[in-house]
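Engineer: Assemble chain Y onto chain C, guided by the hints.
Protein sequences, first through last, are from chains C and Y.
Take the first sequence: its position 218, counted from the start at 1, is 218 in the working numbering, and no numbers get skipped.
Each number in the working numbering comes from the position in the second sequence (counting from 1) with 1000 added on.
Please keep in mind that the hints were generated in silico from the structure rather than gathered at the bench.
Cβ atoms here follow ideal geometry from the backbone N, Cα and C, with glycine treated the same way.
One or more hints might be untrue.
[Unchecked claim] To list a few chain C residues with every Cβ distance to chain Y over 12 Å, as calculated:
{"id": "1", "residue": "L36"}
{"id": "2", "residue": "S45"}
{"id": "3", "residue": "A107"}
{"id": "4", "residue": "A147"}
{"id": "5", "residue": "R191"}
{"id": "6", "residue": "T393"}
{"id": "7", "residue": "E421"}
{"id": "8", "residue": "D543"}
[Unchecked claim] No farther apart than 25 Å at their CA atoms in a straight line, the calculated lysine-lysine pairs in the BS3-like style are these:
{"id": "9", "chain 1": "C", "residue 1": "K452", "chain 2": "Y", "residue 2": "K1309"}
{"id": "10", "chain 1": "C", "residue 1": "K448", "chain 2": "Y", "residue 2": "K1162"}
{"id": "11", "chain 1": "Y", "residue 1": "K1228", "chain 2": "C", "residue 2": "K414"}
{"id": "12", "chain 1": "Y", "residue 1": "K1228", "chain 2": "C", "residue 2": "K405"}
{"id": "13", "chain 1": "C", "residue 1": "K72", "chain 2": "C", "residue 2": "K122"}
{"id": "14", "chain 1": "Y", "residue 1": "K1228", "chain 2": "C", "residue 2": "K452"}
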Amino acid sequence: MTAILPDPAGVVTTQPAARSGLWRRLLRNPTGIGSLVFLVLVVLSAIFAPLLAPHDPDTASAYDTLSGPNGKYWLGNDSSGHDVLSRLLFATRLSVTLTAETLVIAAVLGIVAGLLAGYYGKAFEAVGAWTTSLLQALPAIVVLLAAKSVLGPSDFIAMAVFGVLIAPAFYRVVYSAVSAVRGELYVDAARVSGLSDPRIIGRHVLTVVRAPAIILAANIAGIAVAISAGLDFLGLGDPAIPSWGGMLNDGFTNIFTQPLLVLWPSLAIGLTCVAFALLGNALRDELERADSAPRRRRKAKQPAQVTVEPAPVIVHDDDARDGAELLSVRNLSVGYGRPDGSVSTVVEDVALTVRRGEVHGLIGESGSGKTQTAFSILRLLPSGGRIVAGSITFEGTDLAGLSEKEMTALRGQKIAYIPQEPMSNLDPSFTIGSQLVEPIRIHLGLSKADAKARAIELLARVGIPQPERTFAAYPHEVSGGMAQRVLIAGAVSCDPELLIADEPTTALDVTVQAEVLDLLRDLQRERNMGVLLVTHNFGVVADLCDQVSVMRSGRIVETGPVRSIFADPRHEYTRSLFDAVLSDTEARGALPGVTSSGTLGEGVVA
Amino acid sequence: MLRFVLRRLASGVVLIVVITAATFFLLHAAGGNVARRVLGQEATEDTVVQKTHELGLDRPVLTQFGDWLSHAVHGDFGASWFTSQPVSEAITSRLQVTLELVIGATIVSGVVAVGLGVLAATRRGWIDRLVQLLAVLGFAIPNFLVALALVTVFAIQLKLFKPTGYSDLADDPAGWLATVTLPVIALSIGSIAGVAQQIRGSMIDALDRDYVRTLRSRGLPESRVVYKHVLRNAAGPGLAMLAVQFVGLLGGAVIIEQIFAIPGLGQVSVGATSQGDVPLVMGLVLVTAIVVVTVNLVVDLLQGFINPKVRLS
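The shape of chain C in the complex, shown without the other chains:
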C-alpha cells in the first residue's frame, strides 16, 4: 500500500480554451471509455446491491463453509458460510462510499488551501508549504494506524484522516496552477475592472485548475480504494460491515483449502484501482493531445519522396583558390517529417566546398538553414530531421556511407564543432577539465595525466588566465566568454582537419567577440584547419573568411571569394544584407523577396 501522491509535475495545466470537449474526446478514447464504463458499473452495483445480490450477505450457512462455486452460490462461500457474490456486491457500497468521502475531504481542503495560497501568496504560502511537508513526513499507513488507536476501528474515520493526509496533492496542483495564473494579464484586467476576489477566483482561476484536478481525483480515488482495502485486510476495519479487504483477509487465511476465495476480492480491488489509473491516464493523454498537434492516426510507411527543383546560384569566379578539397557538399536537401507523413524541407539543393586551410563563411538570417547545413555535415540533425537528397564528402569519403561507429570516430578527431550558445553547451554536472579530458583520452589514447596536461595547455592556448583553476571549475562558475573559449579548446583538442563553427560569437559581449574572433583566426592559421563558419554578420565574414556563401530560405543564392562578393554583390538579397550592416542609422523596410515558406526557424529546431 504505497500512499504516494501522484506526481503533480506530470499533471498538465492547460489554457481554458484547449479544454473544450474534453469529455467528448474522452468518450472516443478506448481506454477512457472502457475504464469509465467499468467504474460506472461498480457504482451501479453498489447502489443496487440489495436488488442484485442473490442472498443476504450476513446470513451464514453453516453447511456450506468454504464451498467452491456451485449452482446455489455462484462464487462459493466464505469461511463463515456467507455467500461470496452477495458480500462482494455489498462490500462495493463500502468502497464507493469511502472513496467518495476521501475525495471530497481531500479536494475541499486541498483546493481551498491551494486557491488561497496561490492567489494571495505570502503567509498562506508559508503555512501551506509547512503543513504539506509535515503531512508527508510520515507514511500514510503509520498515521492511519496511530489514528485508529485514537479514534477507534472505523473505516470512515480512517479514510477521513487519509483525505486530510492526501489533500497536499490537490493543494500542490491547484497552488502551482493558480500562482502561475495570478500574474496573467486577464486576471489583472479583471481586478482592474473592479471584480471582487471571490468572483475572479470562481470565474477565471477555477477554470484553469479544473482539468488537472479531475485527473488527480481519478488517481487519488484509485489510491483510496487500495488504502481502504488494505486497512480492512489488516483487520482494522469494522468486521460487521462486508468489505473487499475483509474478504481478502478471509480468503488469504484459507488459501490452502479454498484458493478461489482470494481471487474475487482481488479482482474487485485490482480492476477498480487499474480503472481509475487508466481513466486518469486517458484524461491526461487527451489533454496533451488538445495542446499539441492533432491525433496522429498512422505513420507513413514509406518516407515521402521529396523533389527539390534546382534554382540558379550566382557564382563568382575564383582563380586564386588552392589547397586540397576537404569537404564537399553537393545538392544537399534536409527535411523534417511532419505528423501527416509529408516532409518539410529546411535546406534545399545546397552545394559548397571547404579546402584545407580555408575559411568558408555561410551567411544568412535566422531560419535560412545555415545551422541545419552544419548539423547535417556532423550527422547530428535533431530528431525527425534527415538528409533527403544530395551527398556530403569529407576527404573523399561519402559520410552517408559510414556506420554510426565510424562517424563517431570521425567526430571530434577529424571534424569538430563549436556551438553558438556557450553556457548551454557544457555539461553542468561535470568539471570543465573532465569534459576536455574525455575526448582526448578516447581519440588520442593518452594517459590520464598526459590528457590533463594537454587540456591545461589548451586552456592556456585559448587565453584562459588561470588554466588549472578553470580545469577544476564547473561550467556555472565561469563567464560566457570563458565558456566559449573552453568550447573552442575542446573543439581543437584532437587536432581536427575541419572546424564547424556555428555563430561562435553571437552570444558574447561585443568586446569579447573581437577577442574570440582573433583566437579563431590564430588557431586556424596555426593548425591550417578548414573552417565552415556559420554567421549572420558580414563583419565577421570580412574579418575571417576566404570564401562566402549567402543563404536564404534554405538555398544558397550567391557564392564566391569574399573580396569579389564584397566588391560586387549581384544578388538583391546579398545587397540587402550589406545594407543592413552599412546603414545602421536608417529605418529599414522588410527584406525584399524573403519568404518564410518551407523553412523552420532555427529557434524551433536548433
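Structural biologist: Below, chain Y without anything else, positioned relative to chain C:
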C-alpha cells in the same frame, strides 16, 4: 556544507518534535481509561487508581509529554503498558528486519527503474509505450495484491520460495534470501513504476539539451553520452522520486510483513495501535519520523553530489 547539514538537521528535529507532540496529545485526548484496559474488567477500582498513578496518567498532559520527551532524548522510551517490555527492545530488532525489506526494495527499484527509464527514453516507439503502460499498471495495483499473487504462484504452486517466515541474514543467508525475495519484489513494483516514469521524463528532457549534441560532436560513444552524461543530469529528479517512494515503502512494509508473517515493525504497529499502547505507538512514530528525516537528509546530500550547483548554494 556543514551549515547546510546542520540546518537540515535542525529542521528535522523540529519536525520530529512536532509530530511526536501531535501524536502524544491526540493519543491522550482519546485515551479513555487506560488502566482499566490494561488490568481488565475484574480489577477493583482501587487497583485501577493505583495503576493510573503508576503509569503517571494522573498528571497534567503537558507534564506527561515533557516527561516522555526528556526520557526519549536520553534514549529511554519507556515500556509497553501491556507487556512491560521496554519499547526500545521491542522496536530495535524489528526495525532491522523492516529496514532490510525497505532498503532492499529501494535498491531493486532504483536499478530496475533506471534500466526501464533509460530504455524508454532512448528507444522511444513501442518500447516507450509499453514501459509507460506497465508503469501505470504497476503504480495502480495495490502491493498487497502483488504480494498475494506472488505467494500463490511462486510459494504455494511452484514452491520456489517460502510463503511465510523470516530467517536472519547473519545466521542463514540462503534462508534469508528465500524469505525476503518475494516481499521485496512485492514492495518494489509500485516504486519501480513511479521512479521509472520520472527517469524517463527527465532523460527525455536531458537528451534534448545542447550539450548533448556538443558531446556527440566530440566523438564520445553514444553509450557514454547516455549513461555518463545524460543519466547523471537526469538522476536528480529520479533520486527525489526514490526518496518519496522510500516513505511509501516504509508504509507498504506494514501490510507486506503481515502477509509474509515477517517479524518487522508492521506487526508491532498493528498490535500496538489496536491495543492503544501509547508508549509503543509513540516509539514507533518517533522511529519512523527519524528514519524519514534521515533518508531525506541523505538524499539531499546525494543531490549535492550529483548536481554541483546544489552543492555550492
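Engineer: A separate judgement is required for each hint: does it hold in the structure or not?
Structural biologist: Quick rundown of the hints versus the structure:
no.: 1; hint: L36; in the structure: 15 Å, holds
no.: 2; hint: S45; in the structure: 20 Å, holds
no.: 3; hint: A107; in the structure: 20 Å, holds
no.: 4; hint: A147; in the structure: 8 Å, violated
no.: 5; hint: R191; in the structure: 35 Å, holds
no.: 6; hint: T393; in the structure: 19 Å, holds
no.: 7; hint: E421; in the structure: 6 Å, violated
no.: 8; hint: D543; in the structure: 24 Å, holds
no.: 9; hint: C:K452 to Y:K1309; in the structure: 24 Å, holds
no.: 10; hint: C:K448 to Y:K1162; in the structure: 51 Å, violated
no.: 11; hint: Y:K1228 to C:K414; in the structure: 23 Å, holds
no.: 12; hint: Y:K1228 to C:K405; in the structure: 18 Å, holds
no.: 13; hint: C:K72 to C:K122; in the structure: 65 Å, violated
no.: 14; hint: Y:K1228 to C:K452; in the structure: 19 Å, holds
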